[in-house]
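**Student:** Same order as they appear, the protein sequences are chains A and B.
Quick note: my numbering has the first sequence finishing at residue 442, numbered continuously throughout.
Quick note: my numbering has the second sequence finishing at residue 442, numbered continuously throughout.
None of these hints come from the bench; they were simulated from the model.
Where hints are given, some of them may not hold.
The list cannot tell twin chains apart, which means a pair is met if one copy fits it or any two copies do.
Calculated cross-link-like contacts (lysine to any residue; reagent style SDA-like; alpha-carbon spacing at most 25 Å) [unchecked claim]: (1) Lys105 / Ser328; (2) Lys271 / Asp85; (3) Lys274 / Ala201; (4) Lys194 / Glu101; (5) Lys22 / Phe439; (6) Lys102 / Arg224; (7) Lys105 / Glu221; (8) Lys190 / Cys415; (9) Lys271 / Leu(-12); (10) Lys190 / Ile410; (11) Lys190 / Ser328; (12) Lys217 / Pro106; (13) Lys105 / Gly226; (14) Lys270 / Gly226; (15) Lys210 / Thr19.
The model shown is predicted, which means the values in this text are computed figures rather than measured ones.
There are 2 protein chains.
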Amino acid sequence: MTLSLDIKTLEQIVGPENMLTDPVDLVVYSSDATHTKSKPNIIIFPTTTQQVSELMKYASANRIPVVPRGAGSSLSGGPVAIKGGIIVDFTRMNKILNVDTDNFEVLVEPGVVYKTLEKKLKPLGLFFPPDPSSQDWCTIGGMIAENAGGMRAVKYGVTRDWVMGLEVVLANGDIAWFGSGTYKFASGYEMHRLIVGSEGTLALITKALLKVAPLPEARLAAIAYFKTLEEAGKCVYETIRRGLQPSGAEIMDRLTMDAVSKFTGITFPECGAVVVNELDGDSDSIKKRLKILEEIYKQNNAISYKIAKDEEEAEKIFESRHAAYSALSTYKPTTELEDVTVPISKVPEMFKRIEEISRKYGIMIAAFGHMGDGNLHPNILYDENIPEEKEKAELVKDEIFRAALDLKGTITGEHGVGCSKIKFFGIEHSPCSVNAQKAIKKALDPYNILNPGKIFGEM
Amino acid sequence: MTLSLDIKTLEQIVGPENMLTDPVDLVVYSSDATHTKSKPNIIIFPTTTQQVSELMKYASANRIPVVPRGAGSSLSGGPVAIKGGIIVDFTRMNKILNVDTDNFEVLVEPGVVYKTLEKKLKPLGLFFPPDPSSQDWCTIGGMIAENAGGMRAVKYGVTRDWVMGLEVVLANGDIAWFGSGTYKFASGYEMHRLIVGSEGTLALITKALLKVAPLPEARLAAIAYFKTLEEAGKCVYETIRRGLQPSGAEIMDRLTMDAVSKFTGITFPECGAVVVNELDGDSDSIKKRLKILEEIYKQNNAISYKIAKDEEEAEKIFESRHAAYSALSTYKPTTELEDVTVPISKVPEMFKRIEEISRKYGIMIAAFGHMGDGNLHPNILYDENIPEEKEKAELVKDEIFRAALDLKGTITGEHGVGCSKIKFFGIEHSPCSVNAQKAIKKALDPYNILNPGKIFGEM
Chain A
-16 MTLSLDIKTL
-6 EQIVGPENML
4 TDPVDLVVYS
14 SDATHTKSKP
24 NIIIFPTTTQ
34 QVSELMKYAS
44 ANRIPVVPRG
54 AGSSLSGGPV
64 AIKGGIIVDF
74 TRMNKILNVD
84 TDNFEVLVEP
94 GVVYKTLEKK
104 LKPLGLFFPP
114 DPSSQDWCTI
124 GGMIAENAGG
134 MRAVKYGVTR
144 DWVMGLEVVL
154 ANGDIAWFGS
164 GTYKFASGYE
174 MHRLIVGSEG
184 TLALITKALL
194 KVAPLPEARL
204 AAIAYFKTLE
214 EAGKCVYETI
224 RRGLQPSGAE
234 IMDRLTMDAV
244 SKFTGITFPE
254 CGAVVVNELD
264 GDSDSIKKRL
274 KILEEIYKQN
284 NAISYKIAKD
294 EEEAEKIFES
304 RHAAYSALST
314 YKPTTELEDV
324 TVPISKVPEM
334 FKRIEEISRK
344 YGIMIAAFGH
354 MGDGNLHPNI
364 LYDENIPEEK
374 EKAELVKDEI
384 FRAALDLKGT
394 ITGEHGVGCS
404 KIKFFGIEHS
414 PCSVNAQKAI
424 KKALDPYNIL
434 NPGKIFGEM
Chain B
-16 MTLSLDIKTL
-6 EQIVGPENML
4 TDPVDLVVYS
14 SDATHTKSKP
24 NIIIFPTTTQ
34 QVSELMKYAS
44 ANRIPVVPRG
54 AGSSLSGGPV
64 AIKGGIIVDF
74 TRMNKILNVD
84 TDNFEVLVEP
94 GVVYKTLEKK
104 LKPLGLFFPP
114 DPSSQDWCTI
124 GGMIAENAGG
134 MRAVKYGVTR
144 DWVMGLEVVL
154 ANGDIAWFGS
164 GTYKFASGYE
174 MHRLIVGSEG
184 TLALITKALL
194 KVAPLPEARL
204 AAIAYFKTLE
214 EAGKCVYETI
224 RRGLQPSGAE
234 IMDRLTMDAV
244 SKFTGITFPE
254 CGAVVVNELD
264 GDSDSIKKRL
274 KILEEIYKQN
284 NAISYKIAKD
294 EEEAEKIFES
304 RHAAYSALST
314 YKPTTELEDV
324 TVPISKVPEM
334 FKRIEEISRK
344 YGIMIAAFGH
354 MGDGNLHPNI
364 LYDENIPEEK
374 EKAELVKDEI
384 FRAALDLKGT
394 ITGEHGVGCS
404 KIKFFGIEHS
414 PCSVNAQKAI
424 KKALDPYNIL
434 NPGKIFGEM
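Bound-form chain A, shown alone:
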């Protein structure tokens, strides 16, 4: 895409040391954690809100696409500049500005890495509950833009639930504060949570006020093996139904186990599904709930199970689950990680449908995920260099999305629509719903310069 950028003006805004235009850098910044690729025209590293505001005024006046970026770990093409333009890399706005232990709040810049925040909070007895798998490198700004989830979402909710306020720069350069430092807030529209999950299409986030929680006294884990995914599914449902409030209720199918075994050497008994649970809270309550969990395992015909004796053993138990994505990405030349989510009672049926789709096309699909909230990650494994496989993989993806929607689910639980699910967005949402969302987009970004082409495709 040919765009005429006034480099001099941009230099005046952020300084020459805060921009990249070298063709090699442009290639480096042309993708995220998906297969989407598109080169931006320039990468800008703002260091202040004021710079972001001036940048947006310039971009707005010249109709230049602006794409925000954190660590680039998005799984939906979020930070890829599919229409070219400016990538605003927020990693130099990475200060933790305030930790308010009196009110369980932190104020951060968008480029703060999750792990850095965690390290800051831990000695204070606090934590920020949303815990995406990319937590070692993902940024808070990226988490907010994509409304990231994680394993603990089953108990603690997703990023949106922990955002109290946002400072944003709007498309026209206006700097606005949305939300409040109070737990309850009924003063006007909840703009800050509208921005959460809007994938960079409504505003650029320059500060975030986050709610944090007291660290639980203890955390323990358990692992159980089942003959079928259905039994595993019923087991997880029971843990929710009986109020055990697991802070983790993960599942992996046989194919995922095989990949993990190959990748890590961890072995699994002969079984069709494994469930990994975490319980947190005070230690007495954990003990009590673990007993109920054992009962539930037995009632649902667990082949065997193991309960961690301490936090070290608990971490070991989670090791296999943590390895799932990496293991699968090396299992076959191509891995496409999807993110369908269904009502929890429909999880066993969704697994069945995935198996059927896999058989129908002869394409491997490994499934793992956050079963406690119905959020599954089917991984389509194939070789994109074999045209026939590539074609089949597309059909597989299509059928997976349609199955999720058929079960009253959604095409994405925590990764966002980005550019990889645009077609299905229009199937999930009625024309009236899409029109209303487009009206919101147009209201806040009349020239369609904020991450254009995402969610809705062409406007």
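Given the structure of chain A, go ahead and fit chain B onto it with the hints provided.
**Tutor:** Okay, now just chain B, sitting in the frame of chain A:
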């Protein structure tokens, strides 16, 4: 306001049995639970979404204001037709359409009364956590429109946190579904939660998909008396800080206690503040947490305290707090209930400011509220028939709002802006923030027919 309504068309839409035009009815429908008064031109009782859609098409074509109404228990003027027009009374759309115990979800029409839903859920071991004081008569639609809170919000959050999806009718008559039946949802903008708390200004709600929770095994309560509001405030803070997760952390000042005594005969020891706590969960955990609560009471110099032995005693303990609003409304000829909310660490300071304001103007202010989330209800007590008092009350209100904002609070935690706090909305939010919110309003309601005049005043 003279509006020319085509009664014939309206009759065709809802049937003559579903409308009121009698002048007496118009007077009855001219107010809510505030002092705001304004007569609508007609009251319509739709019974189907289709009727609401046709109604909006008519109203849109003819630029007629439309004001949704549930039980009329709003505390901010929400359902008052301050520009005249049509009041859409949703009380005849009052069916519980589905209770999905497998997925902890219920689908309801907006006119369902909270208490009716509670009665339906209780035998199933479920409950809908938001618990406004008006729960005996308020409707789910009204709760959603105002993002109602309640005593248990300190643990369970407010209405917004429990809304998974909404069917709405937009200003142009379009019927749209926002949200999903899944716990995680990252597919486009979170429109349903934007509608929550939008006070009828963005869309009319015709169905709501709500998340419900398993009923806790037990609930117990405790009451403690303190010499000062500050000690009481510190005590509540400690219960949060130490992770006790109270499902109620209420406070009342001396004036409120006096009013309650006069109204109910309940007596209080000599003290400056009373704290009422609820703990829920499994009974072992409650026992354990009650011990810590006792410690906290002692450490914060409680004059005395009492822990309920059973649920009956617990209900008795809460009786005084439940009576607070009614008691105060009869204490003086005029009561204005406000709803300021501050960060929890600022609650003691907010109480101090309220006392100072009261002394400065010689106007009684009784304060009670949901201390655990910083949500206070100062009640300005005076006689509106005495011009001098009325004038002073206005100044008192002004100073209370400014004090809350000065302490980084908000003008409303759970009642909404409505028409009673418009002036202060523009003080709380910067012009850029207000403009962005107005842009959203214009995008979804270009002719400003949905509850016009609310939140922003003139557009």
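**Student:** Name the hints, by number, that the structure is in violation of.
**Tutor:** Going through the list in order, the structure violates hints 9 and 15 and respects the others.
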